[in-house]
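Residue numbers (the numbering used here), protein chains in the order written: chain A, 1 to 482; chain B, 1 to 482.
In short, the hints are calculated from the structure, not lab data.
A few of these clues could be false.
One copy or two, either will do: identical chains are not told apart, so a pair holds if it fits within one copy or between any two.
Said to hold, decoys possible - Cross-link-like lysine-lysine pairs, in silico, DSSO-like; alpha carbons within 30 angstroms at most:
{"no.": "1", "residue 1": "K332", "residue 2": "K313"}
{"no.": "2", "residue 1": "K371", "residue 2": "K313"}
{"no.": "3", "residue 1": "K332", "residue 2": "K59"}
{"no.": "4", "residue 1": "K177", "residue 2": "K59"}
There are 2 protein chains.
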Amino acid sequence: MAETRALTTRAADFSAWYNELIARAQLADYSPVRGCMVIRPNGYAIWEEMQRALDQMFKDTGHQNAYFPLFIPQSFLSREAEHVEGFAPETAVVTHGGGKELEEPLVVRPTSETIIYAMYAKWIQSYRDLPLLINQWANVVRWEMRTRLFLRTTEFLWQEGHTAHATEAEAEEETRKMLGVYRTFMEEWMAMPVVTGRKTDSERFAGALRTYSCEAMMQDNKALQAGTSHNLGQNFARAFEVTFQTAAGGLDHVWNTSWGVSTRLVGALIMTHGDDAGLVCPPRLAQYQVVVVPIYKSDEERARVMETCDRLKRELSAARIRVHVDAREGTKPGAKYYEWEGRGVPLRLELGPRDVAAGSVMLARRTGGKKEPLPMEGLVATLESAMERMHTELLEASRARREAHSIRGVTKPQFIEFIEGDGGFAYGGFCGSGDCEAEIKEQTKATIRVLPDEEFRSLVAPTTCMWCGTPSVAEAVWSRAY
Amino acid sequence: MAETRALTTRAADFSAWYNELIARAQLADYSPVRGCMVIRPNGYAIWEEMQRALDQMFKDTGHQNAYFPLFIPQSFLSREAEHVEGFAPETAVVTHGGGKELEEPLVVRPTSETIIYAMYAKWIQSYRDLPLLINQWANVVRWEMRTRLFLRTTEFLWQEGHTAHATEAEAEEETRKMLGVYRTFMEEWMAMPVVTGRKTDSERFAGALRTYSCEAMMQDNKALQAGTSHNLGQNFARAFEVTFQTAAGGLDHVWNTSWGVSTRLVGALIMTHGDDAGLVCPPRLAQYQVVVVPIYKSDEERARVMETCDRLKRELSAARIRVHVDAREGTKPGAKYYEWEGRGVPLRLELGPRDVAAGSVMLARRTGGKKEPLPMEGLVATLESAMERMHTELLEASRARREAHSIRGVTKPQFIEFIEGDGGFAYGGFCGSGDCEAEIKEQTKATIRVLPDEEFRSLVAPTTCMWCGTPSVAEAVWSRAY
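With the sequences and hints as input, model every part of the structure.
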């Protein structure tokens with residue numbers, strides 16, 4: 001049944017808009033299991049395209065995939081003190097298996113450092129076994145009280161990279177390299193600009209030495225942590241006794257990194273590009289980049305039009321354009337336009353008998369501009385360049401929006417007004433004190449997203465903490481966040 | 001460290017050979033979690049190739065991927081009476097989440113019929129929503145007391161297709177179609193011949209109307225159930241109230257099918273083709289189809305040889321041959337040959353300064369024949385045809401081996417001698433009685449693998465049950481099995 005009621009607008013209620021869009025585009029659904037979502041085919045197709053692109057980037061940087069157990073003995077989690085403190089409160093615990101109570105309860109993995117480094121201890125003997133560069137695509141579970149589709153669910157899908165190195169410098173290089181891979185993916189595939197930088201101690205991954213993050217700004221001006229990369233130092237190597245014989249003949253603990261992105265990225269994509277008509281999918285990640293809608297009144301017209309549609313499909317497919325011909329009978333073209341618009345398909349081609357006769361086709365772009373007739377001749381190149389332009393425009397528009405909602409060199413009163421107004425990214429000096437950070441969070445709900453990397457820093461470095469006025473140790477980016 | 005001890009031979013101890021092969025080729029490892037395995041990169045790469053091929057076949061037959069929750073409320077499992085009886089005893093149960101005891105325990109999915117059909121009840125309204133053709137790639141958990149790497153583990157990876165149809169005939173057609181897809185995959189990708197047919201009631205999926213299976217014979221002459229496809233009738237539709245408005249305006253329950261294959265296929269591949277030197281990977285599923293080993297004594301030679309290796313890699317990659325240049329320093333060519341042989345790489349190219357000068361390269365095939373020099377000219381075509389031939393030979397050899405260990409028209413004494421001797425597939429008449437079936441299983445450990453499809457049946461149909469002598473209702477294939 002075609003749903004034709006307009007979505008709540010983003011301006012009226014961003015959160016309602018988000019939920020309605022997901023329902024309309026059939027991206028996901030609530031399940032009967034508390035906190036768990038169902039990713040429907042339309043949403044899963046976006047995740048598959050994301051996986052395909054990321055997986056290739058991981059392999060191009062020398063990583064291999066593997067698979068480790070879903071269950072982790074409860075005692076493993078406790079071996080790294082910070083780690084257990086961070087994750088134990090949100091675990092799901094299996095206490096019974098095969099009809100019997102287990103001797104030791106098993107935790108459903110919230111992340112896999114412990115079980116993976118327990119295996120690395122077996123596999124790594126010598127510096128010749130390093131670096132060990134492994135990635136896993138998996139489901140993980142973190143018990144959440146307040147859930148939102150894609151953004152925060154008890155179970156989610158992700159990838160987690162886990163590497164082991166012979167030196168601290170190599171581990172740091174890997175941590176930064178994978179942050180760069182994430183940034184490239186977010187910009188070049190998702191058309192989503194991010195600010196990169198280091199997390200403060202209070203936002204660090206439980207058990208890491210340093211955590212780096214990619215932070216994106218959603219259309220409600222809130223930040224979303226889109227991907228993180230952790231330098232774990234030797235913390236887990238010590239906890240799991242992952243040692244290796246060095247080239248010089250000594251024995252040392254390995255240096256580890258871990259890094260991950262999740263199905264949360266689908267939520268980020270929606271909130272970065274969606275509009276009041278529905279999803280806007282960046283072309284490189286769209287399941288269908290082009291949808292062709294045939295228009296006809298009689299069987300005779302249908303035959304002629306469908307013949308051209310089929311030819312179009314062959315030509316575009318041969319050029320590796322992902323194309324779908326919507327040949328459903330009993331659904332009017334207008335209803336089809338409406339549905340594909342809601343699902344965010346970048347380009348729509350409308351084809352009727354007159355177009356066939358004229359050797360042309362009507363193009364409608366998802367992100368505006370008038371419909372325009374295109375000659376069939378050279379269509380592949382025209383569509384490819386339309387998609388390239390769309391990608392660039394989405395990226396540029398998002399970046400311009402982010403900059404329009406960023407404020408630099410804030411004072412405390414400016415900061416409060418900004419955060420409690422429309423919000424966005426506030427750049428200012430930070431004294432480095434966790435207490436000061438906690439006070440800001442308590443009073444404004446804003447957190448330090450990152451201590452930004454050099455290219456994102458303000459031209460004039462702040463000298464004092466924007467909140468407490470003592471000397472600044474680093475510039476920080478504050479925002480309310482998902 | 002290079003392991004150079006020979007594997008236990010298949011003839012000496014098939015089971016030891018299997019375990020040693022997996023360790024040597026680094027395909028998988030035991031984990032500290034009872035019954036759970038780690039799939040190492042070399043093993044996971046085979047699974048990835050399997051996934052790639054199967055996923056394309058599913059999509060080509062109109063299916064889409066989606067993702068459903070890992071957890072299933074315990075009460076859901078009970079709604080279909082046979083289903084709960086079949087699966088409840090082997091479930092892992094989550095009783096605590098987020099630090100609290102749950103009101104209703106959650107089962108870690110052993111299979112997803114219940115949670116998926118609960119969602120279908122929401123999504124399906126009318127005949128226009130049918131057929132609904134969805135597949136899921138996921139991990140599942142079945143508590144196993146005796147586990148074997150790949151073949152039987154508490155957690156395993158699989159795909160499960162779940163479809164809903166308007167008529168019984170369509171559901172039956174889908175069930176058979178997907179069995180055919182599995183058979184095609186097993187023959188054309190795994191080079192593993194299978195006997196297809198229907199399971200008896202005692203071996204039917206818990207909750208299904210009819211179960212069909214692909215049965216392969218391993219090198220120890222035991223059967224391995226490699227893939228199953230179930231016609232679920234309206235059993236789950238009734239349990240979960242999945243109804244739809246028919247074209248005629250009435251209300252009916254949908255007709256469901258489900259079908260799955262798992263990482264068990266990696267075990268099947270090992271036991272179908274492996275030899276006493278290690279894994280033999282059918283070329284279409286090999287991570288690396290061709291490995292190039294450079295041979296040199298001096299830096300000057302190395303430079304010349306590596307230049308040619310790199311050119312070879314570009315040429316073969318451009319032709320979509322998966323090629324790896326093993327440029328490791330400090331490892332001798334002989335050690336590399338040994339390692340790649342153990343990992344089952346179909347073709348190995350050896351390249352030294354003399355080969356470079358002669359414009360040739362030395363080819364070694366994993367499955368025998370002498371090494372032979374090949375001209376660089378036309379190498380792509382030569383390698384492609386070598387792989388095609390290898391695929392065909394593996395398939396034919398496996399089929400010949402199966403037929404050599406099959407016996408038809410057995411009498412009871414012949415059957416007992418055959419099963420308690422070398423074993424294999426015994427074809428004979430079956431009276432249709434579950435009691436008779438159970439007695440045979442108890443006395444010989446042999447089970448009916450399938451009531452074979454027509455093309456596998458004997459030319460002369462049996463008239464009496466090979467065991468009890470009463471009239472036969474169908475020909476059956478018995479074997480001991482994994």
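Hint check:
In this assembly of identical chains, the alpha carbons of K332 and K313 lie at most 30 angstroms apart only when taken from the same copy (20 angstroms versus 52 angstroms across copies). For the homomeric pair K371 and K313, the shortest alpha-carbon distance inside one copy (20 angstroms) is at most 30 angstroms, but the shortest distance between copies (47 angstroms) is not. Taking the shortest alpha-carbon separations for K332 and K59, only the inter-copy value of 26 angstroms comes in at or below 30 angstroms, while the best intra-copy value is 45 angstroms. For a Cα distance limit of 30 angstroms, the shortest separation of K177 from K59 inside one copy, 13 angstroms, qualifies, whereas the shortest one across copies, 35 angstroms, does not.
The structure agrees with every numbered hint stated previously.
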